[in-house]
Each structure stands twice: as structure tokens, then as C-alpha cells.
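Peer 1: These are the residues of each chain, in order.
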Amino acid sequence: MSHSSEIADRILALLKKEPMSYYAILRALQDVEYRVILQAWGILREKDLLARDPEGNYLLR
Amino acid sequence: MPECFRSVLERLDQDNELLHIRKPVDVRYISPLIVQADKPVWFHNPIGFDVPVVSGLYWKRDRLARSLNWPESELGVRFPQGIQRMMDPVSVEEAPCQEVVKSGDEVDLTELPIPFLGERDGGAFISAGVLLARGEEGVVNAGVYRLMYRSRNVTSVDLVTNSDLRKCYEAAFKRKEPLPIAVCIGVHPFEMLSAAFKAPPGVSEMSIAGGLHGDPVRTVPAKTNQLPVLADCEIVLEGEIEPVGWAVDEGPFGDFAGMYTEVRWNPTFTVKTMTHRANPLFQVIQMPWENAWLGAVAMEAQILEVLATAGVSTVAVRVTEGSACRWSVIASIRKRAGGGKNALMAILSLPDTKHAVVVDEDVDIFDPEQLEWAKTFRVQADQDVMIISGAQGKHIDPSLRAWELPRGQLPTTSKMGIDATTPEGIPAEHYEIITHPFRDEVKLESFL
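Those protein sequence lines, which keep their order, are chains A and B. With numbering that gives the first Met the number 0 applied, the first sequence covers 0 to 60. With numbering that gives the first Met the number 0 applied, the second sequence covers 0 to 447.
So that you can see chain A by itself, here it is in the shape it has in the complex:
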């Protein structure tokens, strides 16, 4: 499993607990290089796993 896939799983785990803003996700992943977050985000988008609430928070589809 690539590093970006691992981070994608971490984001999924975070969103399973509660809807989060992109900013909150970035803050929760302070230990992860920014580019890897972009790559992980791409994985989640390609799999169409992300939905939004009216406030703009991300949640799992």
C-alpha cells in the first residue's frame, strides 16, 4: 500500500467519526506532507467517496 493510500484511509477514518472541514482535515494530518494529502485526496475523489453537508464539511458518501 502506498503512503498516499494509507493517508486516504486515515482521512476515511476521520470522516467516519464526524463531518469535517478541509481545514480540520489538514490540521488533523499535520504530520503528513502536504503533497501526500493532495494525492490521498485524489484517491478519495476518484473513488467518489466524499459528500458534503450544507456547511461545506466533508462526510462519507
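None of these hints come from the bench; they were simulated from the model. All C-beta atoms in this analysis are idealised placements derived from N, C-alpha and C, irrespective of residue type, glycine included. Hints are all accurate, no fakes.
DSBU-like cross-link-like pairs, simulated, lysine-lysine; straight-line CA separation at most 30 Å:
1) A/K46 - B/K101
2) B/K173 - B/K222
3) A/K46 - B/K173
Which chain B residues stay away from chain A? Per the calculated CB distances, all over 10 Å, these:
4) R60
5) G201
6) M344
Quick look at which bits of chain B chain A covers, simulated, 3 or more residues with Cβ under 8 Å:
7) 21 to 31
8) 46 to 54
9) 106 to 120
10) 145 to 154
11) 245 to 253
Once you've looked at the hints, dock chain B against the given chain A.
Peer 2: Chain B only, in chain A's frame:
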């Protein structure tokens, strides 16, 4: 050959007007660092990326002027000169922006340090892209549109607001066809300024940029869709806006009015090819002021033009900072009977203006006290305040409640004009301003 983005940076550097940050910087921290800097910033070493970031060129009026190499006081005047002497772009065969070509699976937007700009933003945004698309009449339209990163080759593109690009996309969408586009990043300020200007139908914004340069803009055919991309820019994203309609979530985004847009629904842009210089720079436009100041120059030029078309003799115009350099306009005119109302109708006919105040030439439009005086003593609200309902509006204005509209529907707005010129029939002596006697003959300092 006209100046390019990096020759502007060289010029700013020579004048000690560019801040170099050579220490490694987490791209998360680029946005707050840009707003703390007192000059434009070149981040040489964004952690995890090989592409440096440049931002803050247009954060204040004086920085914009320096980038353009124009006197600050002449911003609104120089731009129309470019419009008057438009030069069509010239096509070249080889271009710096195509020194490196990556297509298909080689395309990876995460090579670019796409930043996160505002706390409530819905993601990372490409904010400094000049987007090119061919209109129905064959003219290439250029505009500045934000792109929200989705994946290695897909972004969303904001087409909620009424724009030339939206019209192009609506036509393609009706035919169920993708719209070929190209996004140029790291362009000369003249090109950015022209793209931010809503040129009249049939006019190419890049011809205006040529007029500003005094030299035609150099273009090169895009590798995949033959659109004439800006040869001397840093990075080009070629691809298609997919015929999916307003289908994917986009935003929020801290927009040019200094407030956040809500979550919107927008089409997707699939990047087929990315070309760039051998060592490209990635420009970031930091919201809201970089965008606001870019728009201010074009707005003031547009107002001058529409007033001239309406036959109004204009002394000065300005957009107000409080209205994000866009929504509110103040103009002073040499009035003929009814001229105040004609000027208001002309100004309010522009899609972006919401409020306008017109005064006589004896009022300094940069002096708030003089403006207040004119609005107080030259206005009868039942005769001189013009209200127009149901005009084109912009989603960013919260007072329009755009979030209540169905997906893809455009909001409408009311507009207000105040004719603060001297009412017809009132003799000038009624407005004679107190002048103090002997004021040229004595000086306070002589008695201290």
C-alpha cells in the same frame, strides 16, 4: 518580444520589491505568509514540490502598479489606452511554456504546489489561471477562473456566475460535447489584467494585452486542442470541461468580495496535457485583495468607456474599496441637463455595478466629506434616487440569497443610483461654498 512573468519578477527584484524565502516552507503555511509580507513573495522551496511559488504581486494598489510598471495614479487611464491600440496575438512555433510536455497518465496536478488559501475553503485552489476557450463566433475568450483540485487530473471549475466562459460551456453542454479549454498559469500582469476584463463580444482579451504591451502577445498552439496558449507563461493545463453540467461540489471559497461562497455545484475540468517551462514557477493569487485590485483597473476603464458611449463628459471615476473595488462606483461629470441620470443608467448597465453615485465636477470624488455634502444638498430622494429591480446579480452577494436558488440558476439583484449633481433650475449661487477672507494673506505659523 514583450515582457513575461519572470521578467516582471526580475524587474521587481532589481528594485528590491520582491521577498525571497529560501527556507523550506510547508505549502499549508503559504497563505498566511503571503498576507504577512510587505512585498510579493517568491517561495523557492515549498516542501515536497520542485516548483517554486510566487504570490502577492497585486495585493495592494501600489504593488499592482509596480508589477505593471505604471504610475499608480494612471492605472485607470493606461488600461483604456491598451484597448484603443489592440494588437492581435502572433503565433510562434516553439514556446517556453512547452519545454516539458506531459500527457495522459503523466499528468499529475500534485506536482504543482496548489495551496489552501482560506480557512473555510473547500480544498486547494488554483487561483491564478487565465482560462482560454473559443467562443461560438470563433474568438478566443480569456478569463480568470478558480479551479478546485479534485484529483491528479481533475479539477472543478467555477461556472456559476454569468460569464463568457459560462456561455461557451452552456452551448457545448446543450450539444452534449466537452468544451476544450487551456489554463495558463504564470502570465504577465498585462495578460492577467486583460483576462480579468470583460471585453465586449467579439474582442479577444489577449489583443488588449497586446495593446498594453505595445507588442503582440506570443501564442503557440496547444498540444491537444490547438487553442492559442500564452507562449511565455510558466505552466499550461490543456483539457476539456466535461459535459456533466453543474454536477460536482465546489467551494466554499474565500472570494474577491472578502467573503466565502457557499458550496456550489459546478462542472469538472479534465486535464489531458500539462506543459511547462523546464523550471516553472507557480503563481498564486491570494484572495481577496489581489483579485479585487486586478478587477479595479478594468472596472474603472469599463466605466469610463460606457460613460463615453453614453455621451457623458466624465471628469473622474473610482470604484470603492469597501465594495471590493467592484460593486460601488462614484463618478464626477460635466453635466448637461439630465446628464446625472444618463450617467447612472450607463454605469448601472454594467453587470457588476450595484450602486452608483454621480456628482458634478466641482466635487472631489476621493474626498468623503465632499461626497456626503453633495448627497445631502443636491439630492431629493424621491427624484434623484434610481432603483432598478431584477438586474443581473452575482452569487457572492449574500443579500441575493443565491443559495435558495435551484442549481445552475442565476440570481438577480436590485441596483441603486444616486444623482448628486445639482438639480436643474437651481442657480449656482445657492451652492456657493463659504470661503474665508484674507486666507492667502495670513499664515497661522506667523502667529505661533
